[in-house]
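Asks: Residues per chain, in single letters:
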Amino acid sequence: MSAAEETTPRPARAAARPAADRQAPAMDLAALIEDADTRIVVCCGSGGVGKTTTSAALALAAAEAGRRVVVLTIDPARRLAQSLGLVELDNEPRRVDVPGAAGELHAMMLDMKRTFDDIVVSHSTPERAEQILANPFYQTLSSSFSGTQEYMAMEKLGQLRASDTWDLIIVDTPPSRSALDFLDAPNRMSRFLDGTMIRLLTAPARAGGRAGFKFATAGFMVFTRIISKVLGGQLLRDISAFVSALDTMFGGFRERATATYELLRRPGTWFVVVATPEPDALREASYFVDRLSSEGMPLAGLVLNRTHPPASTRLSATRAETAAEAAAEAGDDDPAAALAAGALRVHAERMLLAAREQRLADRFTSAHPEVGLRTVSAAAGDVHDLDGLRTMAEALTGADGDTPTGVPRTRVLPARRA
Amino acid sequence: MSPDFPVRCHVVTGKGGTGKTTVAAALALALASEGRTVLLVECEGRQGIAQLFDTPPLPYEERRVAVTRGGGEVRALAIDVEEALLEYLEMFYNLRRAGRALRKMGAVDFATTIAPGLRDVLITGKVKEAVTRRKDGRRVYDAVVVDAPPTGRITRFLNVTGEMSELTRSGPIKTQSDGVMAVLRSPQTAVHLVTLLEDMPVQETADAIAELTEARLPVGSVIVNMASEPVLPVDALDRAVEGVLTGADLAPGLAASGLPADTDLAEALATEAVEHAQRWASQDALRDRVEKMDRPVAELPLLPGPMDLGCLFELAGRLEEHLGAEVAA
Numbered sequence: 001m002s003a004a005e006e007t008t009p010r011p012a013r014a015a016a017r018p019a020a021d022r023q024a025p026a027m028d029l030a031a032l033i034e035d036a037d038t039r040i041v042v043c044c045g046s047g048g049v050g051k052t053t054t055s056a057a058l059a060l061a062a063a064e065a066g067r068r069v070v071v072l073t074i075d076p077a078r079r080l081a082q083s084l085g086l087v088e089l090d091n092e093p094r095r096v097d098v099p100g101a102a103g104e105l106h107a108m109m110l111d112m113k114r115t116f117d118d119i120v121v122s123h124s125t126p127e128r129a130e131q132i133l134a135n136p137f138y139q140t141l142s143s144s145f146s147g148t149q150e151y152m153a154m155e156k157l158g159q160l161r162a163s164d165t166w167d168l169i170i171v172d173t174p175p176s177r178s179a180l181d182f183l184d185a186p187n188r189m190s191r192f193l194d195g196t197m198i199r200l201l202t203a204p205a206r207a208g209g210r211a212g213f214k215f216a217t218a219g220f221m222v223f224t225r226i227i228s229k230v231l232g233g234q235l236l237r238d239i240s241a242f243v244s245a246l247d248t249m250f251g252g253f254r255e256r257a258t259a260t261y262e263l264l265r266r267p268g269t270w271f272v273v274v275a276t277p278e279p280d281a282l283r284e285a286s287y288f289v290d291r292l293s294s295e296g297m298p299l300a301g302l303v304l305n306r307t308h309p310p311a312s313t314r315l316s317a318t319r320a321e322t323a324a325e326a327a328a329e330a331g332d333d334d335p336a337a338a339l340a341a342g343a344l345r346v347h348a349e350r351m352l353l354a355a356r357e358q359r360l361a362d363r364f365t366s367a368h369p370e371v372g373l374r375t376v377s378a379a380a381g382d383v384h385d386l387d388g389l390r391t392m393a394e395a396l397t398g399a400d401g402d403t404p405t406g407v408p409r410t411r412v413l414p415a416r417r418a
Numbered sequence: 001m002s003p004d005f006p007v008r009c010h011v012v013t014g015k016g017g018t019g020k021t022t023v024a025a026a027l028a029l030a031l032a033s034e035g036r037t038v039l040l041v042e043c044e045g046r047q048g049i050a051q052l053f054d055t056p057p058l059p060y061e062e063r064r065v066a067v068t069r070g071g072g073e074v075r076a077l078a079i080d081v082e083e084a085l086l087e088y089l090e091m092f093y094n095l096r097r098a099g100r101a102l103r104k105m106g107a108v109d110f111a112t113t114i115a116p117g118l119r120d121v122l123i124t125g126k127v128k129e130a131v132t133r134r135k136d137g138r139r140v141y142d143a144v145v146v147d148a149p150p151t152g153r154i155t156r157f158l159n160v161t162g163e164m165s166e167l168t169r170s171g172p173i174k175t176q177s178d179g180v181m182a183v184l185r186s187p188q189t190a191v192h193l194v195t196l197l198e199d200m201p202v203q204e205t206a207d208a209i210a211e212l213t214e215a216r217l218p219v220g221s222v223i224v225n226m227a228s229e230p231v232l233p234v235d236a237l238d239r240a241v242e243g244v245l246t247g248a249d250l251a252p253g254l255a256a257s258g259l260p261a262d263t264d265l266a267e268a269l270a271t272e273a274v275e276h277a278q279r280w281a282s283q284d285a286l287r288d289r290v291e292k293m294d295r296p297v298a299e300l301p302l303l304p305g306p307m308d309l310g311c312l313f314e315l316a317g318r319l320e321e322h323l324g325a326e327v328a329a
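In order, the protein sequences belong to chains A and B. Residue numbers for the first sequence follow full-length UniProt numbering, so the first one is 1 and each next one is one higher. Residue numbers for the second sequence follow full-length UniProt numbering, so the first one is 1 and each next one is one higher.
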C-alpha cells in the first residue's frame, strides 16, 4: 500500500469496503409511532409496492399502542377496504373496531372529486359554487386531471391535521408510477392554475375584454388561435368561466398547495419509503430518498416489502442443489427420496431468490448508507383482514433481532462474516 | 409463410409490475417471425424498450431494435407527446415553425395539461397512422404492438372519442379522434391483458375486460406472465398444501441425499415446501378464475435470471405458438 493511500481519510476507506460488509441501520418504527411528537407519517413509494397495507398496518400498531390514529388511504384493494370497514366512499374518517386496542383506529378512503367539491362549496356562495361545479372544465379537472389525486390527498391531509382530532395521521400516497409525484403534482397543478398562461388566456374574460390585450404579444395571439383550433373554442370559454369564477373565491391555489407542502416539513412529520425488492421499485425509492434529503424532509427509513427469507440459511443453494441431485438419483423408485429432492430444490430456489433480494438491498444501502431498513416477508405482507394487518404490523414494529432464524429484520439473509 | 394474423394492432396492458413491457416486446418478436416487419410503440416515456433490447435511449424515430429469422425485424418508437403534437400541427395546419415557438413558451405542455385526453389522442393517433401507413401501395408494418398504459387507465386511454367529447364537441381533434376510434374498435385491433397469478392483477384484469367490453373495444388474449411449475412431486403436493408435511416426512429422503441428519434443517425444508405448495395452489385457483374470463389464455414461464434478448426470444417462441393456435381456431 502506498503512503498516499495510507493517509486517505476515513470516509474514503469506508467507501472502498465491499458493499456486502456495510450494514444498513435498523429502522425502529415501533418507537416512531409510539412517540407522542410524531403527528404525521407519510408512506410513499412507486405503485404496487404495498403502501396501503403498510399504512394500515402502522395505523393498527399505533392504535394498539394507545394512540388516536387516522389512516388516510387512497385506493385500497377491495378486501383490505372491507377489513377496515371502508365499504362506502363517504370521504370522512370512520372508526374501525379493534378489540382490545388501547387507542383508537379510524380509517378513510379519499374521494378526490368530493374533496375538490367541498373546497369549492366551503369557499364560495351557493350560486357561484353551483356555477363552478357545473362547469365542464371543472368536471374534467376534478375527476381526471393528472395530479388532482395528489393535490387532494395533500388537501385532505391539511384538513385532518387542522381539525386536531387525531394525535397521529398516517397517509398512504396515490398509486402513481413515480413516488415523486406526491410531492410534485400539487405544485405542478397549482402552478398551472395560477400560471401566466392561463391568466393570459383568460384575461379577456376576467377584465371585460380589454386588459388582456395589453399583454398579448404576436406569439401569444398565434398560441390562442392554435389552442382554439386544436381544442375548440368551447373549451377556452369553459376555462375562462371557471377561472373567473374561481378567482374571487379564495386565495390562489399556489398558496394553498404551498401551505400543505410546508406541513410536510414541520417537526413531527416523518416519511416512510416503501419498495419491493425489484430494481425499478428500489430505483424510485432511491430518487425519493434523495429528494427528501434535498427538501429537508425527515425520512424514517425504507420498508423493503415482500421479501422471501428462507426458513433456514444454513444450507446454501449450491449444496441444496447437489443434495437434490443425489436424492433424485437414489430415488427413482423411492417416493421419500423424490420428495426430499423436491424440497431441496424448493430450498435452492428460495436461497437464490433471497440472495438476489439481499443484493438489491445492499446496493440501495451502498448508495444510502444512513437510511434505516426493515424487511417484511411476502408471507407477512399478504393482507386480507385485521389479523393479516396485525401480522404485518408485527413484522414492521417487532424487535430487529426477533425472528425464528435469528436473521435480523434489517436483512433477508444473514451478513457474511468478515 | 404461416397464415396472416387477422389482428394488426396489438395493444398490451396489465397492472403495474406484471411485466407488460416485456410481454409487448416478446409479442413483437413473435409477430416479426417469418420475415414480417413489426413496430413496437412505447407511450409512457420510460425507455423500458431500450433497456430490454439493450440499446441507447430511443429518440422519437422508428429504429430497428431486433432482427428475426426469415428477414423479419422489430422497429421501436418511443412516442414523445410534444413531438407528436408538432407533427400533428404540421400535418394538419402546416404550422411547424409556429409550433416550435409554442414549445419555447411552454404552450405545448400547457395544451396537453388542460386537456389530458389530448395526450391520448396524439399517442393513439400516431399508432393509427403506423397501422394504416402504406408505401408504394403496400403496408409498411405487418403489425404494430403498443406497450400501453396500465389496466387502470387503459379504457380511458383507448376510448379517445369519449374522453375528448367532454372537452371538444367539434373541430379537427374531434375528427381525428373519430378516425382513431374507428381503427381501435375494428377487428384488426386486440387489447391483450397481462396478469400474474396473484389476487390483485387477476382482479384488475377482470375489471379491465368488463370496462373494455362496455366501451366496445376488442379484448384479445389474457397473458399469464411469470407462471411457475410445482417443484414437489404431485402426490406430496396435496399434503403440503394441507400443511401436514413435516420434517419427519422428509428425513428418510434427506438421508439418501448425502446430507448429515439435521432435524432443524428438515423442519425448515418442510416449512418452505409447504409455503411453496400453498403458493402454487393459490396460483392454480387463480388460473381457474382466468380460464373463466372466457378469453384465449397464453401462459409464459417465470425465467430464472435477469431478462435479456435470449429470454425475450424464448417468450416470443411461446407466444408464437399461442398466435398460431389462435389463427387455427
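The set of hints was computed from the structure by calculation and includes no laboratory data. Even for Gly, the Cβ is constructed at its ideal location relative to N, Cα and C. Treat each hint with caution, since some may be false.
Incomplete in silico selection of chain A near chain B, CB under 7 Å [said to hold, decoys possible]:
1) A338
2) A340
3) G342
4) R345
5) H347
Over the 10 Å line for every Cβ pair with chain A, so calculated as not near, a few chain B residues [claimed, not checked]:
6) K15
7) T132
8) A236
9) D238
10) L250
11) Q283
12) A329
Asks: Now look at each hint and say whether the structure bears it out.
Replies: Consistency of the hints with the structure:
Of the supplied interface hints, the one on A338(A) holds, with its beta-carbon coming within about 5 Å of a beta-carbon of chain B, less than 7 Å. Hint status for A340(A): holds, given a least beta-carbon distance of 3 Å to chain B, under 7 Å. The interface hint given for G342(A) is met, as the beta carbon of that residue sits about 4 Å from the closest beta carbon of chain B, less than 7 Å. Interface restraint check for R345(A): the shortest CB-CB distance to chain B comes to about 5 Å, inside 7 Å, so the restraint holds.
A hinted interface residue such as H347(A) counts as satisfied when its beta carbon comes closer than 7 Å to some beta carbon of chain B; here the least separation is about 5 Å, so the hint holds. Taking the minimum C-beta to C-beta distance to chain A, about 7 Å, the non-interface status of K15(B) is violated against the 10 Å cut. The beta carbon of T132(B) sits about 22 Å from the closest Cβ of chain A, which is more than 10 Å, so the claim that it is off the interface holds. For A236(B), the requirement that its beta carbon stay farther than 10 Å from each beta carbon of chain A is not met, with the minimum near 5 Å.
Against the 10 Å criterion, D238(B) stays outside the reach of chain A, whose nearest CB is about 12 Å from its own CB. At roughly 5 Å, the least C-beta separation between L250(B) and chain A is not larger than 10 Å, which violates its mark as non-interface. For Q283(B), the requirement that its beta carbon stay farther than 10 Å from each beta carbon of chain A is met, with the minimum near 13 Å. A cut-off of 10 Å between C-beta atoms confirms that A329(B) is not in contact with chain A; the least separation is 33 Å.
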